[in-house]
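One-letter residues, chain by chain:
Number of protein chains: 2
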Amino acid sequence: MTDVATARRSRITPEREAELYGAVLDLLREVGYDALTMDAVAARTRSSKATLYRQWGGKPELVVRAMRHTKPGAVGEIDTGSLRGDLHALVSREDDCVMEQNSALMRGLAMAMHTNPDLRQVFREQLIEPEMAEFGRVLQRAVDRGEVRPDCPALDFVVHMMVGGFATRALIEDQPPTRAFLTSYIDAVVLPALGAPTH
Amino acid sequence: MTDVATARRSRITPEREAELYGAVLDLLREVGYDALTMDAVAARTRSSKATLYRQWGGKPELVVRAMRHTKPGAVGEIDTGSLRGDLHALVSREDDCVMEQNSALMRGLAMAMHTNPDLRQVFREQLIEPEMAEFGRVLQRAVDRGEVRPDCPALDFVVHMMVGGFATRALIEDQPPTRAFLTSYIDAVVLPALGAPTH
Numbered sequence: 001m002t003d004v005a006t007a008r009r010s011r012i013t014p015e016r017e018a019e020l021y022g023a024v025l026d027l028l029r030e031v032g033y034d035a036l037t038m039d040a041v042a043a044r045t046r047s048s049k050a051t052l053y054r055q056w057g058g059k060p061e062l063v064v065r066a067m068r069h070t071k072p073g074a075v076g077e078i079d080t081g082s083l084r085g086d087l088h089a090l091v092s093r094e095d096d097c098v099m100e101q102n103s104a105l106m107r108g109l110a111m112a113m114h115t116n117p118d119l120r121q122v123f124r125e126q127l128i129e130p131e132m133a134e135f136g137r138v139l140q141r142a143v144d145r146g147e148v149r150p151d152c153p154a155l156d157f158v159v160h161m162m163v164g165g166f167a168t169r170a171l172i173e174d175q176p177p178t179r180a181f182l183t184s185y186i187d188a189v190v191l192p193a194l195g196a197p198t199h
Numbered sequence: 001m002t003d004v005a006t007a008r009r010s011r012i013t014p015e016r017e018a019e020l021y022g023a024v025l026d027l028l029r030e031v032g033y034d035a036l037t038m039d040a041v042a043a044r045t046r047s048s049k050a051t052l053y054r055q056w057g058g059k060p061e062l063v064v065r066a067m068r069h070t071k072p073g074a075v076g077e078i079d080t081g082s083l084r085g086d087l088h089a090l091v092s093r094e095d096d097c098v099m100e101q102n103s104a105l106m107r108g109l110a111m112a113m114h115t116n117p118d119l120r121q122v123f124r125e126q127l128i129e130p131e132m133a134e135f136g137r138v139l140q141r142a143v144d145r146g147e148v149r150p151d152c153p154a155l156d157f158v159v160h161m162m163v164g165g166f167a168t169r170a171l172i173e174d175q176p177p178t179r180a181f182l183t184s185y186i187d188a189v190v191l192p193a194l195g196a197p198t199h
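Going down the list, the sequences are from chains A and B.
Residue 29 in the working numbering sits at position 29 of the first sequence, and the numbers go up by one each step.
Residue 187 in the working numbering sits at position 187 of the second sequence, and the numbers go up by one each step.
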């Protein structure tokens, strides 16, 4: 988060901010990214469009910020003492029902990213890169503990592996990802690829 | 392929069939799945709509059949003598340019699958399941050669791993998958997860 962004957002209360993000996510669920307009957000939240643009800059920024707001705490705060424990904790922060809702939103957004390069860029900068940096700290601790070799080539592909688990389950098997599925995927794929202990 | 489908399709020549599929893929690139109509396919290929419906059954079937037609030969025919060789051969059947084109088509279709359950079902039945069955034969040979343990839990997730490589590269890194990327992904992720030799 830049200082400018912090300063901009500090003009509204956290409660009002949460209310706004909730309305954005409701609209996203109802009409999808492409049909979502700043006019509709303004009407739904009794804000002026000028305020929305001043606070967030534009639609991609507002939507990505709202998605980020659904995240249950920072990945980097997870520290169970083992990589397996950390990765299991990572996919257990949400119950299956919340995970299904958020994963439906995330799939919708991934679809929209396909045809909206500006959304793709904001998504990458504001959501993927911060998550990857935090993920990097979880992995670095595993390397420091000697669970993963520092030169393990799979370290570059942890996000690819995880996305594969989430997306393939949803798209090809027509089932939302569940904690049970994701923990077995971590034990069967992610930890063995990293050469880390699986129990 | 059912006998009925074979009988239906046998009424047109392979050349005419290839021409039809080419036109469907052109339209898919031009307007996307949702805006593609059987009327447009009929006009572009100088066919009657009745013929198209009789031969293929509907839009999802016609589109999936056209996608399947772009596949460069069956996965099951690959047999290099090692799993690493087979998987590398698998991602080297197309050059990077063709792979980029087909992966753009496939991403577009994956987007459309999100909101078209009928397309999702046909895609799964006509493309994913046959590919997975052929993939299963490649993996079975690796098990028979002793390269992969028959109870290796990653055997259930090979498609998830591969989709993760393809999709994450395209969506998050904003780069199409290349042979160089996919072969390093196979060596870093897929083979180690399967406990198979990586060189």
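By construction, these hints were calculated from the structure, which means they are not laboratory data.
Keep in mind that the hints are not guaranteed to be accurate.
Rough simulated footprint, nothing fancy, chain A against chain B, three-plus residues with beta-carbon under 8 Å [to be verified]:
1) 53-65
2) 120-134
Far from chain B, some chain A residues (derived; all Cβ distances over 10 Å) [to be verified]:
3) D39
4) D96
5) T115
6) R120
Selected chain B positions facing chain A (Cβ under 8 Å, derived; list incomplete) [as the list claims (entries may be wrong)]:
7) V31
8) Y33
9) L105
10) M106
11) R107
12) G146
13) E147
14) P150
15) P153
16) A154
17) D156
18) I172
19) V189
20) G195
21) P197
Glycine is no exception: its CB is placed at the ideal position from the N, C-alpha and C atoms.
Hints, verified against the model:
1. 53-65: violated (count 0)
2. 120-134: holds (count 3)
3. D39: 24 Å, holds
4. D96: 18 Å, holds
5. T115: 8 Å, violated
6. R120: 6 Å, violated
7. V31: With a minimum Cβ separation of about 12 Å from chain A (threshold 8 Å), the hint on B/V31 is violated.
8. Y33: 12 Å, violated
9. L105: 12 Å, violated
10. M106: Hint on B/M106: violated, closest Cβ of chain A at ~11 Å, above 8 Å.
11. R107: B/R107 check passes; min Cβ-Cβ to chain A is 6 Å, inside 8 Å.
12. G146: Status violated, d = 18 Å.
13. E147: 15 Å, violated
14. P150: 14 Å, violated
15. P153: 4 Å, holds
16. A154: Holds. Min distance 5 Å.
17. D156: This interface hint holds because 7 Å falls under the 8 Å limit.
18. I172: 6 Å, holds
19. V189: This hint holds: B/V189 lies near chain A, its Cβ roughly 5 Å from the closest one there, short of 8 Å.
20. G195: 7 Å, holds
21. P197: Violated. Min distance 14 Å.
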